[in-house]
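S.K.: Sequence:
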Amino acid sequence: MARKTARKGTLPAKGKARATLGGGRLRRALRALARIVGRVLLVVILWVVLWRVADLPGGLYMAKEWWRLGGIEREWRGLDRISPDLARAVVAAEDARFCQHWGLDLAAIEDALEDRERGRIRGASTITQQTAKNVFLWHGPSWTRKGLEAGFAPLIEVVWGKRRILEVYLNVAEFGEGVFGAQAAARHYFGTDASQLTLRQAAALAAVLPNPKARDPNRLSGKLNRRARQIAGGAETIAARGDDGCFMRG
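Just so we're aligned: the sequence shown equals residues 10 to 259 in our numbering.
One or more hints might be untrue.
As the list claims (entries may be wrong) - Lysine-lysine pairs mimicking DSS-like chemistry, simulated, CA-CA at most 25 angstroms apart:
| # | residue 1 | residue 2 |
| --- | --- | --- |
| 1 | 155 | 73 |
| 2 | 222 | 232 |
| 3 | 171 | 155 |
| 4 | 222 | 73 |
| 5 | 155 | 222 |
Said to hold, decoys possible - Okay, the calculated beta carbon distance ranges per label pair:
| # | residue 1 | residue 2 | range |
| --- | --- | --- | --- |
| 6 | 258 | 38 | 49 to 57 angstroms |
| 7 | 155 | 33 | 34 to 42 angstroms |
| 8 | 167 | 223 | 34 to 42 angstroms |
The hints are simulated quantities; they were obtained by calculation from the structure and are not laboratory data.
Cβ coordinates follow ideal geometry from the N, Cα and C atoms, glycine included.
Construct all of the structure, not just a fragment, from the sequences and the given hints.
M.R.: Here is the structure:
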């Protein structure tokens with residue numbers, strides 16, 4: 010009796026069953042992964058929205074330092090109660106195109122890459138990216154964190170807007186060992202209120218931001234003093250040109 014053979018281009022019944030079973034498992038795995046990713050994204054969006062409407066105790070990095078040091082200096086201040094000189098000085102020092110970009114400064118990134126090829130290391134993180142790092146992520150060199158920053162930054166720009174971004178930044182930025190935010194820095198270094206900071210004091214505070222644990226605004230080296238003067242000049246230029254319109258009222 011002749012043996013029956015499968016037609017060309019078709020699978021035997023057992024092969025079809027295995028293929029169907031394998032495809033079903035893959036689809037279920039992909040659906041499960043999509044649900045997990047969707048839930049994570051929802052949590053992230055809600056977390057960002059919460060920071061838009063509430064002045065929360067602090068970000069992840071601040072919490073880590075509080076745990077490490079056993080306490081920190083911090084007092085929240087709205088942007089209306091922080092010296093405009095400090096707001097402009099920080100923008101001049103850290104992100105001169107703050108009002109022009111959407112969270113990532115592509116021109117600064119390109120410049121940083123060119124400098125790296127020449128053997129010079131410089132940062133290209135915007136204030137928005139730094140805020141994302143201070144509030145939602147961790148510190149230290151990491152391409153993973155940089156990638157997450159790049160994802161957080163446009164979302165923060167859309168949900169918060171420039172004024173809120175700068176307000177949060179000025180309240181979570183580290184100005185010294187355990188000294189967080191403009192008000193704590195003003196009290197700690199100058200014995201004054203954040204609203205009363207002079208341009209010179211504001212520029213000195215902005216000059217320590219790249220390395221706050223190793224710098225003191227009252228004891229700046231010659232190089233950092235020159236940097237502080239440059240920052241003060243940049244802040245005055247921002248005010249004169251009206252380039253602070255995205256974060257200053259009136």
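S.K.: Run every hint past the structure and note whether it holds.
M.R.: A quick look at each hint next to the structure:
For the proposed pair residue 155 and residue 73, the alpha carbon gap of about 19 angstroms is at most 25 angstroms, so the pair holds. With a CA separation close to 17 angstroms, the supplied pair residue 222 and residue 232 stays within the 25 angstroms bound. Restraint check for residue 171 and residue 155: satisfied, since their Cα atoms lie roughly 20 angstroms apart, inside the 25 angstroms limit. For the hint pairing residue 222 with residue 73, the CA-to-CA distance comes to about 15 angstroms; that is within 25 angstroms, so the pair holds.
Taken as a hint, the residue 155 and residue 222 pair is honoured in the structure, with Cα atoms around 22 angstroms apart against an allowance of 25 angstroms. A hinted range of 49 to 57 angstroms for the beta carbons of residue 258 and residue 38 is consistent with their spacing of about 51 angstroms. Checking the proposed 34 to 42 angstroms range against residue 155 and residue 33 shows it holds: the Cβ atoms sit about 38 angstroms from each other. A beta carbon spacing of about 35 angstroms between residue 167 and residue 223 agrees with the range 34 to 42 angstroms that was offered as a hint.
In the structure shown, no violation is registered for any of the earlier numbered hints.
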